[in-house]
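These protein sequences, in sequence, are chains A and B.
Numbering-wise, the working numbering puts 29 at position 29 of the first sequence, and it's gapless, one number per residue.
Numbering-wise, the working numbering puts 1170 at position 170 of the second sequence, and it's gapless, one number per residue.
The hints are simulated quantities; they were obtained by calculation from the structure and are not laboratory data.
No residue lacks a Cβ here, since even glycine has one placed at the ideal position from N, Cα and C.
Relax, there's no trap hidden among the hints.
Just a sample of chain A residues kept apart from chain B, beta carbon distances all over 12 Å, derived:
#1 Ser-2
#2 Ser-52
#3 Gly-81
#4 Ile-97
Straight-line distance between alpha carbons at most 27 Å, and here's what the computed DSSO-like set of lysine-lysine pairs gives:
#5 Lys-1059/B to Lys-1023/B
#6 Lys-1059/B to Lys-1036/B
#7 Lys-1023/B to Lys-45/A
#8 Lys-105/A to Lys-1059/B
#9 Lys-1139/B to Lys-105/A
#10 Lys-1036/B to Lys-45/A
#11 Lys-1043/B to Lys-1023/B
#12 Lys-1059/B to Lys-45/A
Here are a few chain B residues that face chain A, going by a calculated C-beta distance under 7 Å:
#13 Val-1020
#14 Ala-1143
#15 Leu-1166
#16 Ile-1169
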Amino acid sequence: MSPFETTATEVAGVRRGGEAGAAVEHRAGIFEMTQAAEDAVLRPKDTGALFSHELRAALAARIARLSGDDMLADHHLARAGVKAPLADPASRDAGAIPMLAFVDKVANHTRDITAEDTSSLRSAGMADADIVRLCEVIAFMAYQIRVVAGLRLLLADA
Amino acid sequence: MSRVVHRFTRKVPQWRPRVVPVKLEDATEAQLDALKVTPSNTKVSDYVLTLAHDVESLKVRSPLFNAILYEPGGMSRAERELGAIAASMVNRCIYCAAVHADRHAKLEKDTSVTDALFADGVDAELGPRDRAIFDFARKLSEAPPAAGPEDMAALRDAGLSDEEILDLILSSALFGWANRLMHVLGDPVREEVGA
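Construct the entire structure; sequences and hints are all you get.
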């Protein structure tokens, strides 16, 4: 894998050559591992009962959209299939309300999270393993969104 | 009795999960492999046992984490820790902030930077290079990210190279991830001594 063939570098528009490209090449292994992390978090072999690849892609797109990154959102939306409507931040799928509220709060109001937020998912019937899986999706997206935002700044400044 | 820690501190608290961690005796082969459990190493933290519920994520995250914080070259280890601290302050992850403030103080052999940050918050008095690093990491950590060209210019003015700036982006972004596990899935607690 090339560090320039990853979601983060492609969405940010960083290519080989130039100062930003050289910095990325200096950390090629980290960009490859970042892509491996996307594959493991968004497209794991063992999805568990609740979080299909399509649902994970839809949540990733929703989180990117809420963060104002339409390019990254569209990238993930392409894999969301029938779950695509959940990527719209205005979506209020009745069956998914507690989960979507949790996603939006952890993504954008992290500091305000309390024990009640995890217990609300448990009350809605979510198993602990699925709560951890959901947190990894949200948390990975927080990382990817900021790597992309940082790369864009680095590229614009070069 | 233990109580939840609500204030930033360099004294690392314990971490109490809000979900039930995987029990070692029930762990699958894949979980044991990701946990690096061997007959001579059976000590695994509750945090890692919690993340073992999602073994594929855990397995890719650990090497990435180590590479971003420890790979040689680029930004100094202490300055990468400052990026981690800034993110952890934005997201109010008391546990992460404590671990990385403690590391920063040990690497620098100086507690003054983290003393100032924890006493005075984001407006603490810092040297110009630390100020530029902290401000960039803090703004990148906001949701949505709020770092802009002026923050990048401040990093340049403080003398940071492209490689160093990339390491700062990576270390602060990584804690956008770590904070959303540590702060969401558990509480930082301290045992009450006496009463």
